[in-house]
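Participant: Protein sequence lines, in the order shown, are assigned to chains V and A. Numbering-wise, this note's numbering puts 63 at position 13 of the first sequence, and it's gapless, one number per residue. Numbering-wise, this note's numbering puts 988 at position 70 of the second sequence, and it's gapless, one number per residue.
Derived by calculation from the structure, the hints in this document are not laboratory data. Since we're looking at a predicted model, the values are computed, not measured. Just so you know, not all the hints are guaranteed correct.
[What the hints assert, rightly or not] With the C-beta cut set under 8 angstroms, the calculated list includes, among others, these residues of chain V facing chain A:
1) M93
2) D104
3) N106
4) N110
[Claimed, not checked] Which stretches of chain A does chain V cover? Using the computed rule of at least three CB atoms under 8 angstroms from a CB of chain V, they are:
5) 968–975
6) 1085–1096
7) 1275–1285
[As the list claims (entries may be wrong)] DEER-style ranges, computed between Cβ atoms:
8) V:S89 to A:A1229: 31 to 41 angstroms
9) A:P1278 to V:D53: 28 to 38 angstroms
10) V:S89 to A:D943: 54 to 64 angstroms
For every residue, glycine included, the Cβ atom is placed at its ideal position computed from N, Cα and C.
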Amino acid sequence: MTDRAQTLSRLFELIGPYNRKGIALTEATRFAEDLELDSLTVMDLVANIEDEWDINLPLNLLPDLETIGEVAEAVIRLRDTA
Amino acid sequence: MTDLLSKYDRYAAEHRALLDAGLLDPFGVVMDEILSPTRAVIGGRETILAGTYNYMGMTFEPEVIAAAGRAIERFGAGSTGSRVLNGTFAAHVAVEQALREFYARKHAIVFSTGYQANLGLVSTLAGRGDVVVLDADCHASIWDGCRLGQAEVVRFRHNDAADLDRRLGRLPREAGKLVVLEGVYSMLGDVAPLSDLVAVAKAHDAMVLVDEAHAMGFFGPNGRGVYEAQGLEDEVDVVVGTFSKSVGTVGGFAVSNHPKFEILRLVCNPYRFTASLPPPVVAAAEASIRLLMRAEDKRARLWAATRALHAGLKEAGFRLATETAESAIIAVLMPDQETTAAMWDALLRTGVYCNMSRPPATPAGVFLLRLSLSSEHSLADAAEIVRRFVAARDSLGDRLAA
């Protein structure tokens, strides 16, 4: 598996508990529109992602991270510059 | 064409549903008369005020009212200007002097509200390239300060020193860091383990700002707040506070010993691009702060009434957010929005005003009825509030069985 595929696959696992509607998760799945996550849930998820890869995901980035694929790219970028 | 207000339809519908159910509006209470720090007339009924943050009962203190009266005669009703233009009167300088004495710090800057104090401090202290690291449960004014500023924003898990340590450890050593904490968190009324958190922040060379809005007057030997109670006078760089709680009027402030602190007056937009507080307000605040320097009796009464109310509600079977009365905020945990609204409504109809709080203002998605007393509430008031809580619960049938 590529680095990106591994990151995505782990992200799907982390998002799983918040996927209350049980929709099929893909790179294109959007947090607000598709998963309907509220702001508090997003904060929980961000904390879990940060701990999984030992990175800080600055909250300023969140408005630009609409899909799971975009989060995967941010994770890879932040981890490589850490 | 897009109606810009349509994005709020969900909130409007939720609010309308509440009113359609025949409940009083928890966000639209009108106090027709204020009789004292503990009583108001609401909807024609004398009501016990049990959710006003008027901790030290200063709103009707004769010396405070007299000072406001003298100031309005001497300086007029308002300043009509910014602190950095025509809006600094002798009364503004005097209240800042009272703050320097109360906190034993070299610098004090007064803002027009507590919200603006946090907005200004957080956005100005941390700039582009710096990092704000804040507690997940920080007040909206702190979050908005982050949005106004240019710094990176990193959140750590509430009151979790190990989590703060991990997040600070991931930042570049040379980055400017501001750690933002509160002494008392206002939703659940829990007190922060500041000594642990501040030690971690200092180990990473971060500047520390503590908001003591809900602790002024009754924590620490001199009433400076939780940081003073935990012996952190030398470690906390900036203390933010408010005049709208223990001081009994309105306004916000920051105090510090930082040698460059005064420059903030010239660079902080929420300070300089707004009108200064009206003279009677700052004069009332000064009188009140000077009374707070020797308010041992008020302090003792506030804690006694608060502990009695906490114990009474617990004894009556209510679930409370803290095991003991850690602060002067008592949060009653409720199961859901409908029951919370119904209980709040039943309480107001029997003459008890408290605060209804719900997500996202509350952490972890909890629904709360929050109570705060003042030094002027008696133990009999506390007992009466408990009785009315029990009666309100009984009126809801089995929705909230003890």
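Participant: Each of the hints needs a verdict: does it hold here or not?
Facilitator: Hint check results:
1. M93: holds, 6 angstroms
2. D104: Constraint on V:D104 satisfied, holds at 7 angstroms.
3. N106: Interface hint status for V:N106: holds (5 angstroms vs cutoff 8 angstroms).
4. N110: holds, 6 angstroms
5. 968–975: violated (count 0)
6. 1085–1096: Holds, because 3 residues of the stretch 1085–1096 of chain A bring their Cβ atoms closer than 8 angstroms to Cβ atoms of chain V.
7. 1275–1285: holds (count 5)
8. V:S89 to A:A1229: 31 to 41 angstroms: Given about 35 angstroms between the Cβ atoms, the range holds.
9. A:P1278 to V:D53: 28 to 38 angstroms: holds, 35 angstroms
10. V:S89 to A:D943: 54 to 64 angstroms: violated, 24 angstroms
Hint violations for this structure: numbers 5 and 10, all remaining hints satisfied.
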